[in-house]
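**Q** Assemble the whole structure, with the sequences as input and the hints as a guide.
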Amino acid sequence: MGKIRTWWRRRRPTTRRLVQLYAAVLYNAHVRGFVEGRIYTGPTKAVCVPGLNCYSCPGAVGACPLGALQNAIASSANRPAFYVLGMLMLFGLTLGRVICGWLCPVGLVQELAHRLPTPKLGKNRATRALSRLKYAILAVFVVLIPLWYAFRRVPMPAFCKYICPAGTLEGAVGLLSNPVNADKFGMLGILFTGKFIIMTVTLAACVLVYRAFCRFVCPLGAIYGLFARIALVGARVDEAACTGCGACVRACPMDIRRVGDHECIHCGLCVSACPEKAISLRAGRIVLKGPAAAAPKRRETP
Amino acid sequence: MISARFFRFVRWAALVALCAALVCFNLPDGTTAAPPGGAAEGSLSDAPEGHEPGERLPDFALTQTDGEAFTLSAHRGQVVVINLWATWCTPCVKELPHFDRLQREYGERVAVLGIHSDLITDDVRGYLSNFDYGMGFAVDEGGGVIASLGGSTMLPQTVVLDGRGVVTYNQVGSLTYEALEELVSAALDAGAPKEPG
Numbered sequence: 169m170g171k172i173r174t175w176w177r178r179r180r181p182t183t184r185r186l187v188q189l190y191a192a193v194l195y196n197a198h199v200r201g202f203v204e205g206r207i208y209t210g211p212t213k214a215v216c217v218p219g220l221n222c223y224s225c226p227g228a229v230g231a232c233p234l235g236a237l238q239n240a241i242a243s244s245a246n247r248p249a250f251y252v253l254g255m256l257m258l259f260g261l262t263l264g265r266v267i268c269g270w271l272c273p274v275g276l277v278q279e280l281a282h283r284l285p286t287p288k289l290g291k292n293r294a295t296r297a298l299s300r301l302k303y304a305i306l307a308v309f310v311v312l313i314p315l316w317y318a319f320r321r322v323p324m325p326a327f328c329k330y331i332c333p334a335g336t337l338e339g340a341v342g343l344l345s346n347p348v349n350a351d352k353f354g355m356l357g358i359l360f361t362g363k364f365i366i367m368t369v370t371l372a373a374c375v376l377v378y379r380a381f382c383r384f385v386c387p388l389g390a391i392y393g394l395f396a397r398i399a400l401v402g403a404r405v406d407e408a409a410c411t412g413c414g415a416c417v418r419a420c421p422m423d424i425r426r427v428g429d430h431e432c433i434h435c436g437l438c439v440s441a442c443p444e445k446a447i448s449l450r451a452g453r454i455v456l457k458g459p460a461a462a463a464p465k466r467r468e469t470p
Numbered sequence: 012m013i014s015a016r017f018f019r020f021v022r023w024a025a026l027v028a029l030c031a032a033l034v035c036f037n038l039p040d041g042t043t044a045a046p047p048g049g050a051a052e053g054s055l056s057d058a059p060e061g062h063e064p065g066e067r068l069p070d071f072a073l074t075q076t077d078g079e080a081f082t083l084s085a086h087r088g089q090v091v092v093i094n095l096w097a098t099w100c101t102p103c104v105k106e107l108p109h110f111d112r113l114q115r116e117y118g119e120r121v122a123v124l125g126i127h128s129d130l131i132t133d134d135v136r137g138y139l140s141n142f143d144y145g146m147g148f149a150v151d152e153g154g155g156v157i158a159s160l161g162g163s164t165m166l167p168q169t170v171v172l173d174g175r176g177v178v179t180y181n182q183v184g185s186l187t188y189e190a191l192e193e194l195v196s197a198a199l200d201a202g203a204p205k206e207p208g
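Quick note, the sequences are listed as chains A and B, same order.
With the numbering used here applied, the first sequence has no gaps in its numbers, which climb one by one up to 470 at the end.
With the numbering used here applied, the second sequence has no gaps in its numbers, which climb one by one up to 208 at the end.
Rather than coming from a laboratory, the hints here were simulated on the basis of the structure.
Values in this document were obtained by computation on a predicted structure and should not be read as measured data.
Check the hints yourself; a few may be wrong.
Per the computed footprint, the stretches of chain A lying under chain B, defined by three or more beta-carbons under 8 Å from a beta-carbon of chain B, are [to be verified]: (1) 190 to 197; (2) 203 to 209; (3) 242 to 251.
Beta carbons: idealized from backbone N, C-alpha and C, even for Gly.
**A** Dropping the structure here:
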């Protein structure tokens with residue numbers, strides 16, 4: 169009995185993990201889609217969810233903001249992309265990259281993959297340089313290529329089409345794994361082969377490198393990162409208490425330079441790593457996690 | 012500072028919302044069963060109703076984007092080519108010119124109709140106004156016609172009917188102009204009135 173209790177105490181999911189799981193299930197609440205091998209096309213599909221979640225996933229009940237952005241750009245010759253840009257700004261201004269750390273199903277998958285017991289590759293100068301790649305992918309595959317084709321009247325969601333491993337995993341594998349869609353295998357060609365390879369490599373990379381896709385590739389994280397300085401919710405440092413020891417940056421698995429910058433996903437790992445108790449997760453002036461947090465938060469660490 | 016009671020409330024509210032979503036999105040819908048086909052009066056074929064090759068497609072009527080009505084039964088004697096497409100579907104948009112060419116080349120012998128998916132993300136009329144297509148276009152907002160064609164969100168899909176309204180081809184996937192011509196000439200042969208005896 170005591171053994172089980174110790175095991176549970178060590179293994180029990182953190183609040184963040186529960187929130188991640190919650191978001192993943194809520195975004196994919198159309199469970200019958202997995203059983204029937206078809207996607208949901210009801211009215212809520214027009215609403216963007218905050219995290220990266222392929223709308224071709226049989227379970228998806230909302231739209232992926234990144235896919236919606238590319239499609240909105242693709243039809244921007246007929247009408248401007250106000251809705252999706254507004255949604256992205258709303259998410260960015262309120263939560264910013266808190267979404268990456270807490271509300272992204274792809275982030276959850278990457279973190280679970282990283283828990284497999286293998287040798288791990290930590291962050292270094294190379295990963296920091298690679299973390300800039302996602303801004304280039306955002307500019308080229310999400311904005312420039314769709315825009316270029318938009319004025320040729322061809323919809324071209326280039327990131328979805330050529331890269332997105334989340335789309336391959338959730339959409340393609342999610343649908344094709346159902347025997348109902350066995351007749352669709354004949355349609356698969358070079359695009360699927362390429363994307364399947366990208367997905368496999370990405371998953372393998374995520375086992376070795378913490379959140380490899382999120383840090384180096386994900387354009388949605390790049391977009392939310394642009395709001396790092398102004399987002400309402402996020403990790404904040406009490407400058408008066410900070411001694412600049414750098415314990416937070418060393419404890420952080422992401423390529424941050426300081427807590428709360430554009431690479432920070434506000435996971436809250438640094439809150440307990442700070443010897444001065446100077447870091448907290450806040451929504452404006454309200455403390456969500458940290459030294460001045462409400463009583464029930466403190467009970468979590470026995 | 013947030014009280015423990017508030018956190019508890021948020022947790023319960025979130026749990027209730029999740030349960031509600033799981034129930035709402037997974038309710039069985041009562042409209043999946045297609046209504047049995049009515050009496051096939053005046054039909055040129057005794058083939059059973061359906062959307063598979065060899066079956067006779069149930070009649071339907073849609074309003075075209077140019078305002079005219081498209082009624083399937085009014086096109087008996089013509090080969091009908093139906094293309095399911097969407098503005099957001101790259102391969103669909105790329106093969107539309109083939110269907111347009113088909114209409115122009117075959118004229119009265121063939122009726123070509125592009126039916127836009129019921130998943131509409133763009134102004135379909137606005138999109139089409141950029142082109143000078145000679146074929147007919149319609150939007151099936153309710154999705155009923157698409158369902159009767161065996162359609163889904165997997166696009167493009169092409170359905171070819173012979174002069175009797177019997178399906179000769181119904182598949183998902185892009186087509187070349189040459190492949191389309193072959194399908195149409197096969198349908199023209201199949202629908203040709205046969206010599207009795």
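**Q** Take the stretch 203 to 209 of chain A, compare each residue's beta carbon with every beta carbon of chain B, and decide whether three or more fall closer than 8 Å.
**A** This one holds; 4 residues, not fewer than the three required, reach chain B with a Cβ under 8 Å.
**Q** Within the stretch 242 to 251 of chain A, is the number of residues with a Cβ closer than 8 Å to a Cβ of chain B three or more?
**A** Coverage by chain B holds for the stretch 242 to 251 of chain A (5 residues, Cβ < 8 Å).
**Q** Verify the coverage statement for the stretch 190 to 197 of chain A against chain B, using a C-beta to C-beta distance below 8 Å and requiring 3 or more qualifying residues.
**A** Answer holds; 4 residues pass the 8 Å Cβ test.
Violated hints: none; the structure is consistent with every hint.
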